[in-house]
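Novice: Residues per chain are reported as follows:
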Amino acid sequence: MTRVWTYGDDVNTDQMFPGKYTYTCSTPEEIAPHLFEDLDPAFAGEAGDGDVILAGEYFGCGSSREHPAKGLRHVGIRAVVAKSFARIFFRSAINQGLLVVECPEAVEAYSEGDEVIIDEERGVVTVGGREFAFPPYPEKVKAILAAGGLQALLKRS
Amino acid sequence: MTTNANTKTFAEEFFSRRLGREVRPGEIVTAAPDVVLSHDNSAAIIGNFRKMAGEDGRVGYPERIVIILDHTVPAPSEKHAANHALIRGFVKEQRIKSFYDVGCGGICHQVLPEMGHVAPGRLIVGSDSHTPTHGALGAFACGIDRTETAGLWLQEETWFKVPRTIRFNLEGELPRCVFAKDLILTLIGRVGAAGANYRSVEFAGPGVASLSIDDRLTVTNLAAEMGAKNAVFPVDEAAREWLDRMGVEYDPADIVPLSDDADFEAVHPVDLAAIEPVVALPHQVDRVIPVGEAAGRPFDQGLIGTCTNGRLSDLREAAAVLEGRRVAEGVRLLVLPASEEVYANALLDGTLAALHAAGAVVLNPGCGPCLGAHQGALAPGETCLSTANRNFKGRMGCKEAEIILASPATVAASAAKGVIADPRETICE
Ligand code: SF4
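Protein chains in written order, with our numbering: chain L, 1 to 157; chain A, 1001 to 1429.
If you're looking for bench data, these hints aren't it; they were derived computationally from the structure.
Being a predicted model, the structure only gives us computed values, none of them experimental.
Beta carbons are placed, not taken as given, at the ideal position from N, Cα and C, and that holds for glycine.
Hints may contain errors.
Only some residues are given here: those of chain L computed to face chain A with a beta carbon under 7 angstroms [unchecked claim]: (1) S92; (2) I117; (3) V124; (4) Y137; (5) K140; (6) V141; (7) K142; (8) A143; (9) A147.
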């Protein structure tokens, strides 16, 4: 059973991954247990494959660190759908292979228990049966997401 | 051009032209940058690049890569020196021509326009958060991360989200003794540090004509501190003159005009005549108050320089304020020309001699103390009155120190008084 985790506005990168660990934790395995430590202590233990995060405005504000995106991708978060994102977080999420969708209408429409489905091919978020459109990603971005990040995509074997 | 083009923002028009189709805000598109800028962080980027391309991998687009050493120059430690050596080796191996070593350049955001890498209509990405600076000359310029920079050494294109746009319409002229720094700090104070998050910011209106290119570069540089993805000024006669003087080659057809009728998210009218000298208090750039309210507050170090305010006009302004005065006892004043070019000009016209005579310490071009990695460190409990763009806690290396941001004239006038002072009292009485 996948879950929908809902948060408000201005979730900053320190709440998502405390700054004090930035130099001691760098692999996704090391990052995962500290995710959202100061925001929602239940998250790290319970979040799992296919879960969705719904958030308000300015998700990922604060200092620029790649850790939260890396960690969220590692635990299998399907997507973060927010009303808006901080720019650096949005960039690093895509480059780390984490699907991020800006769709304020979908976030507004959610009520507890609704199922949230993201179709990035068509550019549609479905919330409790109602569909909300977002501009679909170009092929090159889909390729980054599918490969699990830019580095993985460009790595020459 | 279709009539439709006039209803698009700069960002929308810019990417529509690049893609050869209409783009919408919020849409993600891919495009090939014309310039990929990095600085001392090229050492880390080389590491990322090697992971992607392998030990003997070649960069795909050497002609658009620009590497400028500025953050810690000359190297303050063996570790920094080793990073610089690594970058020099890579530049040679990969035949990257646009490399500005210690003594050949200065701060990346000053050198890039000075050396002709910035032109209207260019798509410029930089592995530095103040890359929006280059929109002052009509480019679309924004910051990217290191992994992405390494990616762009290898592959042609990257992705861009077409931003929504906030417009500032400037009217009138700044009063005497009020500067571009006061203007942009005031606007940041008004909209807040996240006020332009992920937005394209346009500065337009009749007031633009009264701002020099140096002024505009200061404004777009600090637009990053309101969260802007990019910031832009129209390419008017002053900009074209500046580009010609610098010998920059570009096709006038590449100039992307700014339209007043576009679909802006917000439009802020700005009366330049009403702007006053201000300071930004610790530890946020948007804690802006009139300098008068901070007057009398003691400080230990003044800093005039950085990519925000280290240009020739800034140094001249400071020298004019300090003429016939001296840096007060108990205060030290550091001056860093933003580039070798600025340094040479300030040397030739006597500006540096005047600053030196007034008791300032003139340092070599570079970022210097701005990021706390080189020169001019602060002790716990000390305050720096600085012309830089960031006053975050610990920014200059010491978490128990404070940084207050101001214009070069305010820093100079305050240095002469020994406490924070309104420059108008010194130079406009
Ligand atoms: S002067 Fe300061 S803000 Fe500008 S590029 Fe250098 S470190 Fe960054």
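Novice: Output the numbers, in ascending order, of every earlier hint that fails for this structure.
Specialist: Of the numbered hints, 2, 3, 7, 8 and 9 do not hold.
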